[in-house]
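Engineer: Sequence:
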Amino acid sequence: TPFAQQHRIVQVSLQGHGVRGICPFICSYYFTEALFNTCIVYRYDGSTFVKTVEANFILWEVHGRSDYSYNSSMKQVGCLRKAQTWISMLEEHENSTLDEIWGPQNYRSCFESELGPPGDLNQLYQILNHSGYNSLVWPTEYSGIYVFRVKIVDPNFSFCDLNTIFAVRTYGIVESPNTGKVAGFSILI
1 TPFAQQHRIV
11 QVSLQGHGVR
21 GICPFICSYY
31 FTEALFNTCI
41 VYRYDGSTFV
51 KTVEANFILW
61 EVHGRSDYSY
71 NSSMKQVGCL
81 RKAQTWISML
91 EEHENSTLDE
101 IWGPQNYRSC
111 FESELGPPGD
121 LNQLYQILNH
131 SGYNSLVWPT
141 EYSGIYVFRV
151 KIVDPNFSFC
161 DLNTIFAVRT
171 YGIVESPNTG
181 KVAGFSILI
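For what it's worth, UniProt numbering labels the leading residue of the sequence shown as 1, then goes sequentially.
These are calculated hints, taken from the structure and not from any lab test.
There's no promise every hint is true.
Said to hold, decoys possible - Derived pair list, reagent style EDC-like, types lysine to aspartate or glutamate, alpha-carbon separation capped at 16 Å:
#, residue 1, residue 2
1, K151, E61
2, K151, D161
3, K82, D120
4, K75, D99
5, K75, D45
6, K82, E112
7, K151, E100
8, K151, E54
9, K151, E112
10, K82, E114
Unchecked claim - Label-pair restraints from in silico Cβ distances:
#, residue 1, residue 2, range
11, H93, G116, 15 to 25 Å
12, D99, V50, 30 to 40 Å
13, D120, D45, 20 to 30 Å
14, R65, S96, 35 to 45 Å
15, Y133, D67, 34 to 44 Å
16, T140, I87, 34 to 44 Å
Idealized CB from N, CA, C, for every residue including glycine.
All chains, full assembly: derive it from the sequences and hints.
Structural biologist: Quick look at the structure:
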């Protein structure tokens, strides 16, 4: 069965693989037919499951890949004002690393209203959580390997700096057949 027609759950243990601090967690991806991917993060204390992370988190591809996207706009997820985005955070923190520019120290929820116009809510919402309302979308033209850093941005979730690195491999994209080859093989048969 082609990959795009199957549901798969992939769990990656992140202990000992870039986990900072004392709060390791696991990211589980649920692959759907439309090639959307909901990342569910689990928190562990050593090998003991603590809880599913319900807090908001961000991620970025550490090697600079940008050929993935998000499936929901700020309006679709119910934002009351423009949410933070990677572009807005980069503009505000020009001389900082990606790890420094966005985190619990400066996270603002878009679900809290504030005075003034809401801004452009038709932009993609670049914050994820366990709800599944927002997911990652992969290119369908080719397979790939993505190495992400995930970081919890909700300041009410933990005093720990919760972030780690994990990898996702997209594969099984069914390529359209070459009609010339199909015609040639049909004549031989």
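Engineer: It remains to establish, for every hint, whether it holds in the given structure.
Structural biologist: We went through each hint and held it up to the structure:
no.: 1; hint: K151 x E61; verdict: 12 Å, holds
no.: 2; hint: K151 x D161; verdict: 8 Å, holds
no.: 3; hint: K82 x D120; verdict: 6 Å, holds
no.: 4; hint: K75 x D99; verdict: 27 Å, violated
no.: 5; hint: K75 x D45; verdict: 36 Å, violated
no.: 6; hint: K82 x E112; verdict: 10 Å, holds
no.: 7; hint: K151 x E100; verdict: 11 Å, holds
no.: 8; hint: K151 x E54; verdict: 13 Å, holds
no.: 9; hint: K151 x E112; verdict: 21 Å, violated
no.: 10; hint: K82 x E114; verdict: 10 Å, holds
no.: 11; hint: H93 x G116: 15 to 25 Å; verdict: 22 Å, holds
no.: 12; hint: D99 x V50: 30 to 40 Å; verdict: 23 Å, violated
no.: 13; hint: D120 x D45: 20 to 30 Å; verdict: 41 Å, violated
no.: 14; hint: R65 x S96: 35 to 45 Å; verdict: 21 Å, violated
no.: 15; hint: Y133 x D67: 34 to 44 Å; verdict: 22 Å, violated
no.: 16; hint: T140 x I87: 34 to 44 Å; verdict: 25 Å, violated
Going through the hint list in order, the structure does not satisfy hints 4, 5, 9, 12, 13, 14, 15, 16.
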